Amino acid sequence: SQTIHQWPATLVQPVGSPLSLECTVEGTSNPNLYWYRQAAGRGLQLLFYSVGIGQISSEVPQNLSASRPQDRQFILSSKKLLLSDSGFYLCAWNRQGNTEAFFGQGTRLTVV
Amino acid sequence: GQQLNQSPQSMFIQEGEDVSMNCTSSSIFNTWLWYKQDPGEGPVLLIALYKAGELTSNGRLTAQFGITRKDSFLNISASIPSDVGIYFCAGQLRRGTGTASKLTFGTGTRLQVTL
Chain A
30 SQTIHQWPAT LVQPVGSPLS LECTVEGTSN PNLYWYRQAA GRGLQLLFYS
80 VGIGQISSEV PQNLSASRPQ DRQFILSSKK LLLSDSGFYL CAWNRQGNTE
130 AFFGQGTRLT VV
Chain B
27 GQQLNQSPQS MFIQEGEDVS MNCTSSSIFN TWLWYKQDPG EGPVLLIALY
77 KAGELTSNGR LTAQFGITRK DSFLNISASI PSDVGIYFCA GQLRRGTGTA
127 SKLTFGTGTR LQVTL
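Keeping their order, the protein sequence lines are chains A and B.
Read the first sequence against this note's numbering and you will find it ends at 141, with the numbers running on by one and no gaps.
Read the second sequence against this note's numbering and you will find it ends at 141, with the numbers running on by one and no gaps.
Warning: the hint list may mix true and false statements.
Claimed, not checked - Stretch-level coverage of chain A by chain B, calculated; a stretch enters the list once three of its residues show a Cβ under 8 Å from a Cβ in chain B:
1. 49-60
2. 72-86
Claimed, not checked - Dumping the calculated DMTMM-like pairs for lysine to aspartate or glutamate here, alpha-carbon to alpha-carbon at most 20 Å:
3. A/K108 / A/E51
4. B/K77 / B/D97
5. A/K109 / A/E51
6. B/K96 / A/E129
7. B/K128 / A/E88
8. B/K96 / B/E80
9. B/K128 / B/D97
10. B/K128 / A/E129
11. B/K77 / A/E129
12. A/K108 / A/E88
To be clear, the hints were calculated from the coordinates, so they are not data collected in a lab.
A quick note: this is a predicted structure, and the numbers were derived from the prediction, not measured.
Glycine is no exception: its CB is placed at the ideal position from the N, C-alpha and C atoms.
Here chain B stands alone, though its shape is the one from the complex (with noise of 0.2 Å):
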């Protein structure tokens, strides 16, 4: 089956430090998404991106999709205490109408701001 991996796992940074993560598949995919999640909490959506080579902001982030569409990119500028949790891209090979939305996630990784 499909597997995505995301490095790093966890890092450690200072506020106002630039954040890179990515995430690489062992299949292509037609889809990626970008979620953070909060302790105790859903995920919620950050970035979504379509098209191979495609770069979208969000603010101070910043994600990209591969031009190999087996591979994205998350960054982050000036990264500020809030931006603490856990970061998961997603996924998709296949999209139509009329069918569900199955994401395969990454494991995830897990960023701590330091003041």
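Extracted from the complex, chain A is given alone in its bound form (with noise of 0.2 Å):
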């Protein structure tokens, strides 16, 4: 069966602070990859996707970045991260052509 494992669960920054938040799906191959950032009693906002290695769409400008060094791994990153930053990130998956996804359980983000 298919799993996806996001971490860390929580995180505390200070402003200007670089970030790494790392997402990987087990039990597929050639996933769709997702990172969505839900802010705090609204809906989820896609932020970035991906098809494939090295392929990265981004739905909003913004402060972050997103990576995709191997297949099942996608990464959502920040060199300088702001107040502005703090939210629920979420990853998620999906079999390419399906529209059903799969979440992780989310990385609570303080920036303080």
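Please assemble the complex out of the two chains, which come individually in their own frames, going by the hints.
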């Protein structure tokens, strides 16, 4: 069966510090991978998606970047965090051509 | 851009009651999904709908893909305490092989069940 792992679960970082969140998927190959952000009490906003290694599409301009160095690894990064980067970050995957997306457990990021 | 409005935003119900919530879009969708999110967790897929008019059940949950393709409905029968959480609808306009599934999410309906 397929599983998706995200870490860390929670993170408190000072303003101006770098960020690296990691997501890995097991039990499948060549998945589509996604990063979403969820502000408190809000819905999910798609940040980045990837259909293959090294292929990244950005949905909204922001202080973040994404990379896919391996088939089942998706990384969300920032060089210098802003207070507004605080939120709940969710990684998701689905099979090529399928609609149903499956989510990781999320990372609660607080920038102080 | 596409917007999904969910209603109600929140609801308090008693255990055993039935629950109804809906999601409306300014654009048509080819696929509707319903997710449930527990506090501090990622959303979990409940039901997927692919065809206008389709009615699909998953245990006590029933969802429908509206005929106009601009709305969807989720019903929960005989609610229990573990139904507490936030329910999100999500829609996708385009399906195709080799492409990413860019879902648009609703703002969520927060459900609280009292004993």
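Structure-based check of all given hints:
1. 49-60: violated (count 0)
2. 72-86: Since three or more residues must qualify, the claim that chain B covers the segment 72-86 of chain A holds, with 8 doing so at under 8 Å.
3. A/K108 / A/E51: holds (15 Å)
4. B/K77 / B/D97: holds (12 Å)
5. A/K109 / A/E51: holds (17 Å)
6. B/K96 / A/E129: Cα-Cα ~19 Å, so holds.
7. B/K128 / A/E88: holds (10 Å)
8. B/K96 / B/E80: Holds: B/K96 and B/E80 sit about 13 Å apart, inside 20 Å.
9. B/K128 / B/D97: Holds. B/K128 to B/D97 sits at ~18 Å (cutoff 20 Å).
10. B/K128 / A/E129: Holds, because 10 Å separates the two Cα atoms, which is no more than 20 Å.
11. B/K77 / A/E129: holds (14 Å)
12. A/K108 / A/E88: holds (19 Å)
When the structure is compared with the earlier hints, a violation turns up for hint 1 alone.
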